[in-house]
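**Q** Going down the list, the protein sequences come from chains E and S. Just add 29 to wherever you are in the first sequence, counting from 1, and you've got my numbering. The second sequence: position 7 = -2 (my numbering), numbered continuously.
It is worth saying that the hints were derived from the structure and are not from the lab. Everything hinted at is true.
Distance condition first, Cα-Cα at most 25 Å in a straight line; then the derived DSS-like pairs of lysine-lysine:
| no. | chain 1 | residue 1 | chain 2 | residue 2 |
| --- | --- | --- | --- | --- |
| 1 | E | Lys295 | E | Lys267 |
| 2 | S | Lys50 | E | Lys134 |
| 3 | S | Lys66 | E | Lys122 |
| 4 | E | Lys115 | S | Lys66 |
| 5 | E | Lys38 | S | Lys5 |
| 6 | S | Lys50 | E | Lys105 |
| 7 | E | Lys105 | S | Lys5 |
| 8 | E | Lys81 | E | Lys38 |
| 9 | S | Lys40 | E | Lys105 |
| 10 | S | Lys66 | S | Lys40 |
| 11 | E | Lys229 | E | Lys267 |
| 12 | S | Lys66 | E | Lys134 |
| 13 | S | Lys66 | E | Lys105 |
| 14 | E | Lys279 | E | Lys265 |
| 15 | E | Lys279 | E | Lys295 |
| 16 | E | Lys81 | S | Lys5 |
| 17 | E | Lys295 | E | Lys243 |
| 18 | E | Lys81 | S | Lys40 |
| 19 | E | Lys98 | S | Lys24 |
| 20 | S | Lys5 | E | Lys41 |
| 21 | S | Lys66 | E | Lys98 |
| 22 | E | Lys115 | E | Lys153 |
| 23 | S | Lys40 | S | Lys5 |
| 24 | S | Lys40 | E | Lys98 |
| 25 | E | Lys150 | E | Lys229 |
| 26 | S | Lys5 | E | Lys98 |
| 27 | E | Lys148 | S | Lys66 |
| 28 | E | Lys229 | E | Lys295 |
| 29 | S | Lys5 | S | Lys50 |
| 30 | E | Lys243 | E | Lys265 |
| 31 | E | Lys207 | E | Lys243 |
| 32 | S | Lys24 | E | Lys81 |
| 33 | E | Lys150 | E | Lys295 |
| 34 | E | Lys98 | S | Lys50 |
| 35 | S | Lys24 | S | Lys50 |
If you want the building blocks of each chain, they are given just below.
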Amino acid sequence: MPLDVFFNKLEKIILQLKADFRLTFVKIDNRKIDNRKIIINNIGELSQSELKKLTSLQNLLSDGLSSEKYKISEEKSQNKTAQIQKTAARNPKILEFIIEYLPPKDHSLWLSGLSLREKSKAGKQEEVQQIKEQMMINAGWRGASIANLANAGYLEDHIMEIQRVLLGNTDNNSAHQKFLSIYEEIVDEQSFIVFVGATKDGEDLITEIENKVKRTREAARECVYIHAIGRSNVRKAKDAVDNVVKNDKKLCEESIAFNGGNKHLKITIEL
Amino acid sequence: MLNITIFNNIATKKFVLQALNNDIDASGYVTDKLGNRVIDIDGMEILAKDLGMLSSGSKIFVKDNMVSLAKFYLKYER
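Kindly generate the complete structure, drawing on both the sequences and the hints.
**A** Shown next, in the form of structure tokens:
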């Protein structure tokens, strides 16, 4: 059924139902058929007998949608999609890198992670937490890991840099495989990174940092990075690093970088 | 492209799903016209309460989850 015919029929039904039902349909016509939109409000408020009278409407939808391209969504999903589109538009080169070099299973996680970082930079911590939870629901530990890595800027600061050094502009398959193996190590094990969260206590944190220092040395890497967001985590991170550096004479340098006052701390322990 | 915005409750979703020859089973999962549970963009069965988006073509069901919606965007809209 042509879209115009569909909308004409829809209008007639709406007019018939208007007096009897709280159900409302809104048609937004910006003089372009492609922009027409139907909003279906709360059918749950209607009684069973009222719902029965809506059969004609359901049949019309059925006919109308059978030959049309459509997208049906609820408002929360529309807001999320709008956020995703904005993030993608603001980060075209990073997105290009993600799609070209990272495993396909991670593409949508990284795009979500970039959205999370935008919310974090805007100081919207509640939304940051919500996106991280959704990433964890979707991909478990890997989702949480990519959320943390994206928020701390690891994609641009490390992963893209590692890829650039390993591959340059060449199309060398073995270099790409090496890159993917390092990438997996970063995402899967966060082998040279410690994220200080609220659930980690002082002793656990010291042990985790010491273990990361040991593994990083074994892998002949140069640095361990410790990230903390929020006053209490920042204080915990500083205390733990002080302890580790004091007990390990080979650790020769420590640099501390604040990002956003004292809310976001990045400590580098050079080995 | 016809955009339809639906209210986020089960009755509204059921109304629209039935118009598309789908339904919701006793456990709350979205089913096809034969009563088999449909598979969403993440390769999982999908509860109607989690359904955030549905698009035409080969009828793609997407959860109201940032990562699932990002997957749809990257695959079909970018």
